[in-house]
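**Q** What follows is the residue order along each chain.
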Amino acid sequence: MELAGRVIKSGKAEGIALVSPAPIGFLGGVDPDTGVVIEQGHPLEGQCVAGRVLVFPTGKGSTVGSYTLYRMAQAGTAPAAIVNAESEAIVAVGAIISDIPMVDHIDTGQIRTGDRVTVKGELVTVQAADASG
Amino acid sequence: MLAGEAGPGMQMAMEIVVALGQIYGAADLVPVASVQVSGVSYKNLGDAGLAFLEEWAARGARARVPATLNPAGMDLVSWRALGFPDAFARQQQAVIAAYTALGVTPTCTCTPYLVGHVPAFGQHVAWAESSAVSYANSVLGARTNREGGPSALAAAITGRTARYGLHLEENRRATAVVVVRCPVRSEADLGALGYLVGSQVGKGVPYFRFEHGLLEKGRGTLNTLGAAMAASGAVALYHIEGLTPEAKAGEVIAPGAEMFEVGDLAPAYAALNGPAEAVDLVSIGCPHAALAEIEAVAGYLAGRRVKTTLWITTARATREAAEAAGLVARIEAAGARVVADTCMVVAPVADLGFRSMATNSAKMAFYTPSHSGLSVRFGPMEQCLEAAISGQWPATSGK
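So the protein sequences, as listed, match chains A and B. Quick note on our numbering: the first sequence kicks off at 16 and runs consecutively. Quick note on our numbering: the second sequence kicks off at 4 and runs consecutively.
Source of the hints: derived by calculation from the structure; they are not laboratory data. Watch out, some of these pointers could steer you wrong.
[To be verified] Chain B regions said to be covered by chain A (calculated; three or more residues, Cβ under 8 Å):
#1 12-20
#2 45-53
#3 144-155
[What the hints assert, rightly or not] With beta-carbon atoms standing in for the labels, derived distance ranges:
#4 G245(B) with G124(A): 47 to 53 Å
#5 A36(B) with A90(A): 35 to 41 Å
#6 K27(A) with T103(B): 35 to 41 Å
#7 G26(A) with A36(B): 29 to 35 Å
Backbone N, C-alpha and C define an ideal beta-carbon position, used for all residues, glycine too.
Just need the whole structure built from these sequences, with the hints factored in.
**A** Laid out in structure tokens, this is it:
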């Protein structure tokens, strides 16, 4: 399946999808040293975003969260790519300064955790986990 | 610039400005006359923010329009005497050095408009710091959105920002008419009012009609109102009937604006006051104190002595003016300090050993419990100064 969105940060990356039905705030929401989601009660609590194609509706929280993403990129705990339904300033700026490919205007309900996803420019290619064996 | 011919630092700045323009549906970019940059305290930036600023500077990025800086996490001159740890000070100084390399003037104040950075009516600017944004839009009639730290810096480096939101005339009209039926007697009352209205209107644009008029001259400034509304809500622009420039220039109330009344400020005082009876830190100057406020503190403290730590936070330039006027010496004679470059919202106050704070700022009272874990008391300047003198929160204000 191929989905076309809007480029926020251009680039190419591939990885296994980690899908959140809820918005993500990086400052205080994700541990930058481990990449693990630490926000209490978050649907992804306890899961690691490092190297994954992180799919979520939109960002939230403090603008300092942009720098948290940058620190994660430096520590090697950042997601490989970010796919949003509707991006906002905090995650968008974080992706740009951290050089993480990012696309929005994607129907994120089409992607399931475990799917193999390639992000290239505005295109998001999804290979369903069950189809790939 | 986007293609990178102006260097990698400029390229990244342009990518940020363009991406934000896309996200917010801007038709184009608009040149900005000046920038106020937030994200200065090492307490908030951490090592990640510092590393990013240093890298951006190393990539050759430089501000091309006048840009000033928000408060830092400490007094950049007297930090040692005030008890800031060495390790924190080193990192904070590195942040200031990075901003200086980026061409941002280290004014370190949330009141740039009190130290010579004053945008003109109708001028497009890109300001961060929510209380300064509110002041620039509302009191000065300049045009800015609420920028974040990196987006404001990107605007300084490119000299442009995306034309959306409050840069457009049609978004500057009032969405709510607030009729204030109770008197507003102090700067704390103004902040309490802002707290209530901000919670109610969120991102909206309130239009105030004061039935009892505003404060008498010299009692605080409008920035306490805007600061509180930007903390409890996300208000970036307000109008006051007969006072603010856009309200005087013509019709600024949008058709279908909701209308509500404020008849009692007590709910704000109840929400912003914790239970603490003993006070060990008293903070005046959020937003940073103007010279008149420092003069009022010096007058109140004449011949008296404080028991608690009392800090009046202000801009370095305002402190120098207060020093020249002999006010700093008078305040120090009472055992209090006039502290520059920082404020208690961004300083590591819990690390300095304080447990409970009294303040006349609704913004500070709103943020402190969650930011620093301190218990807070909120009331007018006189009540806060009495608390500094006795170490106890007094039942009523005034001497």
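**Q** Each hint: holds or not?
**A** Right, here's what the structure says about each hint:
Counting residues of the region 12-20 of chain B whose C-beta sits closer than 8 Å to any C-beta of chain A gives 3, which meets the bar of three, so the coverage hint holds. For the region 45-53 of chain B, the assignment as covered by chain A holds, since 6 residues bring a beta-carbon within under 8 Å of that chain's beta-carbons and 3 suffice. Three residues within the 8 Å Cβ limit are the bar, and the region 144-155 of chain B against chain A gives 4, so the coverage statement holds. Between G245(B) and G124(A) the CB atoms are about 52 Å apart, so this pair conforms to the stated range of 47 to 53 Å.
The hinted range of 35 to 41 Å is satisfied by A36(B) and A90(A), whose Cβ atoms lie roughly 38 Å apart. For K27(A) and T103(B), the hinted distance range of 35 to 41 Å is satisfied, since their beta carbons lie about 37 Å from each other. Between G26(A) and A36(B) the C-beta distance comes to about 34 Å, which sits within the given range of 29 to 35 Å.
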